[in-house]
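Enquirer: So you can see what is in the structure, the chains are spelled out below.
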Amino acid sequence: MTNPDLPVTEDELHAYVDGELPADRQNAVAAWLLAHPEDAARVAGWRTQADAMRARYAHVADEPLPARFRTDALLQGRPIGRRVAAIAVAATVAAFLAGGVAGWMARGANAAPTGLDLFTSEALSAHRLYVVEVRHPVEVAANEQAHMVQWLSKRLGYSQHVPNLETIGLKLIGGRLLPGPNGAAALYMYEGPTGERFTIYSTRARSPQTALRFKRGDRNAAYYWVDNQAAFVVSGPADRSRLKTVAEAVYEQVDQATRG
Amino acid sequence: MASGIAGFRHSVEATIPALRRYARALTHDADIADDLVQDTLVRALRSESLFHGGDIRAWLYTILTNLNRNRLRGLARRPALVPITDDDAADMTGPQAGQRDIGRALDSLVEEQRAALLLVVLEGLTYREVADVQGVPIGTVMSRLARARAQIKAHLDGERPTLRRVK
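Chains as they are written, first to last, in the working numbering: chain A, 1 to 260; chain B, 1001 to 1167.
Just chain A, with the same shape it has in the complex:
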């Protein structure tokens, strides 16, 4: 029970603005605001803030949805492979059993790959550093690909699959070993007909998988994801659609190779 004669609190003023005030306090707050112009001004200010937020962001909900948000696209789980999806489900089930519904929601989200931004930064730094190299862009050239794959698989601790991107106009230049946030990393470089260069960065990741993400730097951009506990960052010139084509080709070939 609330008493209509009680003085009005700040919490009640917020509740009044947000439509959360109990009906039996409406009159008391309205009368209070008439008698207290400074509180009336604060309430008016909060309403102005709210109007500005809605005016600023309401239109986002009316934008046409990008294709990547179609349920079938999401369920296809790009870039999540079947085995990796099974790991994710297992992790979710474990979290669910451990903490009840609220618990598993929180834990599921807390298992997010916070290291992602970190190795994407590393990959973009490596990309910027090495794509401008004329004489020594790579340590091992493409004509020694078999040796390179063997060497880097051993150093990184998981099988390396160097995609063939010639159908989309990119020729392998070669690769190199780099220090990464979780140990060794590999950088593979490709070149297109007009000299534009793309790199694939790969290193061991702690999180089992993520969706495909996009990150833009100054002149370069990257698509990145984690699949089967390996992180991949495909970097190139900041032409998003071209980069996406390259990233998807890389994803498909790596995914095929991992499953096969």
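Please keep in mind that the hints were generated in silico from the structure rather than gathered at the bench.
These figures come from a predicted structure and were not determined experimentally.
One should not assume that every hint holds.
Unchecked claim - Only pairs whose alpha carbons sit at most 25 Å apart, straight line, appear in this in silico SDA-like list of lysine to any residue:
id : chain 1 : residue 1 : chain 2 : residue 2
1  : A       : 154       : A       : 229
2  : B       : 1153      : A       : 45
3  : A       : 244       : B       : 1103
4  : A       : 244       : A       : 73
5  : A       : 154       : A       : 181
6  : A       : 171       : A       : 142
7  : B       : 1153      : A       : 44
8  : B       : 1153      : A       : 41
9  : B       : 1153      : A       : 30
10 : B       : 1153      : A       : 181
11 : B       : 1153      : A       : 34
12 : A       : 244       : B       : 1030
13 : A       : 171       : A       : 182
14 : A       : 171       : A       : 242
15 : A       : 171       : A       : 216
16 : B       : 1153      : A       : 39
17 : B       : 1153      : A       : 19
18 : A       : 154       : A       : 242
19 : B       : 1153      : A       : 58
As the list claims (entries may be wrong) - Beyond 12 Å from chain B on every Cβ pair, some chain A residues (computed):
id : residue
20 : 19
21 : 51
22 : 52
23 : 169
24 : 177
25 : 192
Unchecked claim - Here chain A is said to cover these stretches of chain B; the calculated rule only asks that three of the stretch's residues, wherever they fall, bring their Cβ under 8 Å from a Cβ of chain A:
id : region
26 : 1015 to 1026
27 : 1108 to 1116
28 : 1120 to 1134
Think of the CB as a built atom: it goes at the ideal place given N, C-alpha and C, for glycine as much as any other residue.
Since the structure of chain A is already known, use the hints to place chain B on it.
Expert: Coordinates of chain B only, in the frame set by chain A:
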């Protein structure tokens, strides 16, 4: 209330526009916002067999809010090495141009206050729902709202004289 998998998916899909709006206001970056929404949806769809009813919308807001908090923690550990362009600049034309200030004011809030304010004001969640999303008592939600509104006012009041001096 969704019934069966089709109902579940339909409810998730119906929430996407609102999730994008919330994420855009929360991050102030169109690319990051849509990445957060995508991660939220992938998680939700993969976990549908574990969803035992309740408010799907509030559940999706919870996942997105948690993912964003994790993202900010990751960034805090390693200050931005990669400059991220503000794609929202594209939104800053025409009728939206006047609302640039509110975006900056929201950016000046700590994350949990920004989330609480946006969930109430922009997304129309009740205090109770926001308390569940953030995993805190209602009283905490109310004090976050009060602090957020005071900070936004201070930010907007503080910005104007600065702009005047520049002219």
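Enquirer: Beyond 12 Å from every Cβ of chain B: is that where the Cβ of residue 169/A lies?
Expert: Residue 169/A is indeed farther than 12 Å from all Cβ atoms of chain B, at 26 Å.
Enquirer: Is the straight-line distance between the alpha-carbon of residue 244/A and that of residue 73/A 25 Å or less?
Expert: holds (15 Å)
Enquirer: Within 25 Å, alpha carbon to alpha carbon, are residue 171/A and residue 216/A?
Expert: Status holds; Cα separation ~24 Å.
Enquirer: Any Cβ of chain B at or closer than 12 Å to residue 52/A, or is the non-interface label fine?
Expert: violated (4 Å)
Enquirer: For a C-alpha distance cap of 25 Å, please report whether residue 154/A and residue 229/A respect it.
Expert: holds (16 Å)
Enquirer: Given the proposed pairing of residue 1153/B with residue 58/A, does the C-alpha separation stay at or below 25 Å?
Expert: holds (21 Å)
Enquirer: Regarding the pair residue 1153/B and residue 34/A, is the alpha-carbon distance no greater than 25 Å?
Expert: holds (22 Å)
Enquirer: Count residues of the region 1120 to 1134 of chain B with a Cβ under 8 Å from any Cβ of chain A, then say if the count reaches three.
Expert: This one holds; 6 residues, not fewer than the three required, reach chain A with a Cβ under 8 Å.
Enquirer: With d taken as the least Cβ-Cβ distance between residue 19/A and chain B, does d exceed 12 Å?
Expert: Not fine: 9 Å to the nearest Cβ puts residue 19/A too close to chain B.
Enquirer: Is the hinted pair residue 154/A and residue 181/A satisfied, with a Cα-Cα distance of at most 25 Å?
Expert: Holds - the C-alpha atoms of residue 181/A and residue 154/A are around 18 Å apart, at most 25 Å.
Enquirer: In terms of beta carbon proximity below 8 Å, does the region 1108 to 1116 of chain B have 3 or more residues touching chain A?
Expert: With 0 residues in contact (Cβ-Cβ under 8 Å with chain A), the coverage given for the region 1108 to 1116 of chain B is violated.
Enquirer: Measure nothing beyond the straight line between the CA atoms of residue 244/A and residue 1030/B; if it is 25 Å or shorter, mark the hint as holding.
Expert: Measuring from Cα to Cα gives roughly 17 Å; hence the hint holds.
When held up to the earlier numbered hints, the structure conflicts with 3, 10, 13, 18, 20, 21, 22 and 27 and fits the remainder.
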